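Participant: Residue numbers (the numbering used here), protein chains in the order written: chain A, 160 to 581; chain B, 948 to 1231.
Simulated from the structure, these hints should not be mistaken for laboratory data.
A hint or two may mislead.
To be verified - Below, simulated PhoX-like cross-link-like pairs (lysine-lysine); rule was C-alpha separation at most 20 Å, straight line:
1) A:LYS373 with B:LYS1158
2) B:LYS967 with B:LYS990
3) A:LYS375 with B:LYS1158
4) B:LYS1221 with A:LYS375
5) A:LYS373 with B:LYS1221
6) A:LYS580 with B:LYS1003
Said to hold, decoys possible - Covered stretches of chain B, going by a simulated chain A footprint (3 or more residues, C-beta under 8 Å):
7) 964 to 975
8) 1000 to 1009
9) 1082 to 1096
10) 1127 to 1139
11) 1149 to 1160
12) 1172 to 1179
All of these numbers come straight from a predicted model, not from anything done at the bench.
The beta carbon of each residue, even a glycine, is placed where N, CA and C say it ideally should be.
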Amino acid sequence: MSAVFENVTCKFCGCLCDDIAVEVEDRRILKAKRACPNGLGMFLNYDPTLQSPLVEGKEVEWDEAVSAAADILSRADSPLIYGLSSTSSEAQRKAVELADRLGAIIDSTSSVCHFPTTLGFQMVGGAACTLGEVKARADLLIFWGCNPMEAHMRHFTRYSANAKGFLTPNGRRDRTVVVVDVRPTKTAKTADRFLQIEPGTDYEVLTSLRALIKGKDINEPVGGLPSEQIKELVQMMKTCRYGVAFFGMGLTMTAGRGYNVAEIFALGAELNQYTRFFAMPMRGHGNVAGADQVITWLSGYPAAVSFARGYPQFGPGEFTSVDVLARRETDAALIIASDPMAHFPRKAAEHLERIPAILMAPVTNCSSQVANVILPTACYGIDAPGTAYRMDNVPIRLRSVMQKVRPTDEEMLMRIMEAVKQ
Amino acid sequence: MTLQNRNGDKEASPITLRLKEPTSIPIEADTVSPDHFIGRSLKDIAALPVYFGRRKRNLGDVFHIEGEESDQVIVEGDLAHVKKIGYGMTRGRIVIRGNVGQHTGACMRGGEIIVEGHVADRAGIHMEGGRLWIKGNAGHLLGAAYPGERRGVNRGVIIVEGNVGSETGAFMRRGLIVVMGDTGEFVGARMIAGSVFVFGHLGKRAGAGMKRGSIVAFGACEPLLPTYRFESVFQPVFIRVFVNRLRQWGLPVNIERTEGLFRRYSGDITALGKGEILIYDSNE
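Excised from the complex, chain B in its bound form (with noise of 0.2 Å):
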């Protein structure tokens, strides 16, 4: 297996990372990232230190490790059970093949992680930068805040190809989220800013004590809250320029619903208000 390196057409050969028992113990696996891996030797990366439940084992007991130094890593196996992975990672790349548990990049910087199942949890929470690919779907919380903190993801790109739970995107400050599929409630609650895309339907409370920012609602919509005020009709510039860039990375953005009007509503009025949720309208 080779993957193509971001700077063009080069290839590395990366490194592959197998889960060797199926448990239902819960892995803390945040070494499983580039930054270690880069400048060490496969004996090396095999005892960096991970958690299994509550004993400190190394990497190598617990996964095969094969391949040679490269920041291109690819995790196989069945990780349900498997957090952390990609933890405030700053660079390379992570291809997840299967579903995956909690804390999947959380924190991260730079670099791509690119889940091929579905991820548990708090995908993607308090993101600096970077890009998250989810193909299948994601838990609740994605790119939120930890409980007690004011600020969640700051920079940073997060795109689902499937559904999403609840408090996607709650209290974000700046980024970037899509979600193709349908959301759980609360989307962007107490978002202070940055843009939720929701292709699918738009779940209950969106932009729930909203500072800023925007949700933008390509599909059907729950009744917004009685907090949110109906401003105008308009065809934002804007969303042509993201989508634009979406179809770029080759997502299925369907181009028409892009073009069209939307329903302006702002708010929330008990925060700052100065937030936004647009609802697709019509295509004249």
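Chain A on its own, in the form it takes in the complex (with noise of 0.2 Å):
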């Protein structure tokens, strides 16, 4: 006998979909309609059957695997626990009171991807608008550096390009898509306006706006652009209704990075002199945006925080994973539904294969070949519910589709937690 699920939250990417329906039969999850390949293939492939924590490789009971865990972070003199752009708030939040209790270093998967957001968040503040309005009201959409066609694929159906909403009844027909990049993508196709940059000029490009915005006269080409697209650029900005500038990893992660993002926040708000303009961080893992919310309203910033000496310490370069594990200044790691492995550095990767870590996730990753302990925990969105935050910061809660039979993430620190005080 199936069941079908209306109105699920796919927690795959910052965009939180909550309009899946999933069809579940005998604890499997046949179909999930109205999801993208990506939330497809979360949904799909996940199989929630109870599987035991592994310690050295070898299967174990929950406790002796807890306490293998709490013992590997009690000895441990600088502690890392990284990862939690993929759990719920709910056990984020639990991950920083670890931290706290340690004396860790705690950081998300936004060190490396949206972390120079928040650094230029800081430089010039910014002004800040839901999806929701987005859809209802934007008749200027501007992609910077980013690929939401591949990326976030619902993005433009669902809040952008293609929705149609209270001001936008025609959608598309609407709206003005301009795409600005270093190469044509295939969000760069479904275009009006197509700008095509030279690599690592986002921040010339970028102050070359706001200089003309501000009524300074630049009459040389900038980035590969002649000065009359970069104006003609301008003039649509002055002039629309409502704007926003969205912006991915093409300014985050290349030349200039907190700089660039600074000057779109710069830029969006200094827009508003003429009209209503914004700029939003399209935030990847679903519950990215949540580990920022979480680690800031428990200690006071985002991510690259450290407990070492009873209070927290932010450090950008300092604390960020990347760093600390290149520069070998950690000696175990708690990663929670993430892969680093995957993801960092070879040198950053190399020493963390060489520390004692505890992998804590709902599916076997490139992380798994390299952890100590791991603890195999239910995928909050399919067998557990939470909260996830949107790349808007608007809190969505994630609803599950079985009864779980795994422990989740918050369950798994809370136990931690109490290992560790003994």
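Mind assembling these two chains? They're in different frames, but the hints should get you there.
Facilitator: Below, the structure is given as structure tokens:
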């Protein structure tokens, strides 16, 4: 007998689509209607059966695995807690508590993704809006250094380019889409205007836009774009009814980083002299925005926080996981719902291989191969309920579509905390 | 080992700290500063707290300490992971023999730090006085500001004989930074006032978002941002004044270059636009 659950939230990416119809039979998901290929893979490939935790490759009881994990963390002089982007905010909260108790360094996957967004935000602040407003009002959409057609597949239909809203009843026909990127992407093909800039010139182009908006003149080509094209874009931005600049890792992980983002946030804020304009990061993992939120409201800083001295210290480049690992400044790692071995630079991954590591994740990944303790936990949004933050920082409920048999990250973290206290 | 005292030829026997065991666990040693050593016996100094990763230890557990009461300090050993040496110091002198970790001389307000090797990121960040002299290279954020802060270095001198990373002198409010080697990107970014002298290669995006202040490039220079405007060619007198002082301090500065003509660019027009970048033009 199969059951269909309507309006289930998919936590794969920062879009957090909450209109998925999931068909479940016999603790197995058969269909996930309306989900994009990325989300579909997450729903269909997850095996919710109970699995034994592993310590040094051997199946053990949960109690033994928890005490092994607590042992690793207690013995370490400088433990690192990393990941958090695909777990629930409830679990993230426990992870911060554990970091506080241990005096550990805590960092989310944000640090290899949109962390410069935070740094830019701290520099200049920013004007923010929600995706609901974008859907209802935006008539100018700028996608800068991001490719939603391949990374956030339903962004266009649910929130931006093609969505039909209150003041945009004709969807795509009521909106102008501009894509700025260093190469033609799938997203660029659908755009009304595509501006291909030279790699590594985002800052120059953004700062020129700001200068033009302030009434200064720029007459030379910038980033390979003739000044007429830049002036035309400025005109579009100043005369639109409601504009939003979405930006991705093309801005945050190329030369300029935080400064690029500071420019785009400042640009958005300054355009409010003429019209309504906002800048929004295209957050990657489902609850990476939640990790920033939770760590911020508990410690005051969004990621790269060290509790080593008993109070939180913020250190971009100092306590960011890649830097901590590459400099060998940690001697144990707790990885929660992420896969650093697959994504980190070699020097950082090599140190992660050397130190004792605990992996807490619903699926097997590259990091499973180096972890000394593996805790196969439930998958939030499938067999456990929880909270996640969408890319516009709106919290969305993750529903469960089946009874869970695995422990959740939150329960596991609480048990580790108890064991550490002893 | 004796060091010359600041006020003349009087010699003081310095306090020497030697790291007991090389480690890659970060050590936060903000107590290693003449301010904490003055008026304390060696035993008391050894009992000062230091953070070895997340463990609170005594300075004496981590360093061998010898010498007599003095505001002259020598630190030796593999210090690449030792952070915050000279944090907030106001007097005396620290000589660091070898490479040293992050935040060296952060928030210092007086006295002098001499690093005989390389320093990691954030050296001299939020400095308010004194002199930080680095014989090797420096990392990123040299003389910059902590994230979220609006003002960085406010008085003081930082001299680097080697190369530096990105964001040197970012958010600087006052003071002088001299780099004999090459720089990374964003030198003097969002600078409010102050001077940065670069004798090597000035990196990209110098003076991004700068309000006031001077960045002087004596060597080669990347193309400036489109938000900078060429103003004039002239011979700035203040450079000679500065350079004379640098030569007095013993820096090997090429006098010919400093007396030449400089092209003046003003910017950043997205900010106040009162900043200047001076680029060496010719000797005529």
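Participant: Hint by hint, say whether it matches the structure.
Facilitator: Tested hints:
Annotation: proposed proximity of LYS373 (chain A) to LYS1158 (chain B) holds, straight-line Cα distance about 15 Å (limit 20 Å). Proposed proximity of LYS967 (chain B) and LYS990 (chain B) is supported: the alpha carbons are some 17 Å apart, at most 20 Å. Simply put, LYS375 (chain A) and LYS1158 (chain B) have alpha-carbon atoms about 16 Å apart, close enough for the 20 Å limit, and the pair holds. With a CA separation close to 14 Å, the supplied pair LYS1221 (chain B) and LYS375 (chain A) stays within the 20 Å bound.
The straight-line distance between the Cα atoms of LYS373 (chain A) and LYS1221 (chain B) is roughly 16 Å, inside the 20 Å bound, and the hint therefore holds. Between LYS580 (chain A) and LYS1003 (chain B) the CA atoms are separated by roughly 18 Å; this keeps the pair inside 20 Å, and the hint holds. Residue count for the region 964 to 975 of chain B with a Cβ under 8 Å from a Cβ of chain A: 4. That meets the three needed, and the coverage hint holds. Residues of the region 1000 to 1009 of chain B with a Cβ under 8 Å from some Cβ of chain A number 3, which satisfies the need for three, so the listed coverage holds.
With 5 residues bearing a CB less than 8 Å from a CB of chain A, the region 1082 to 1096 of chain B meets the requirement of three and the coverage assertion stands. Counting residues of the region 1127 to 1139 of chain B whose CB falls under 8 Å from any CB of chain A gives 4; the rule of at least 3 is met. Residues of the region 1149 to 1160 of chain B lying with their CB closer than 8 Å to a CB of chain A number 4, which satisfies the three-residue condition for coverage. With 3 residues carrying a beta carbon less than 8 Å from a beta carbon of chain A, the region 1172 to 1179 of chain B meets the three-residue requirement, and the given coverage holds.
Consistency with the previously given hints is maintained throughout, with no hint failing.
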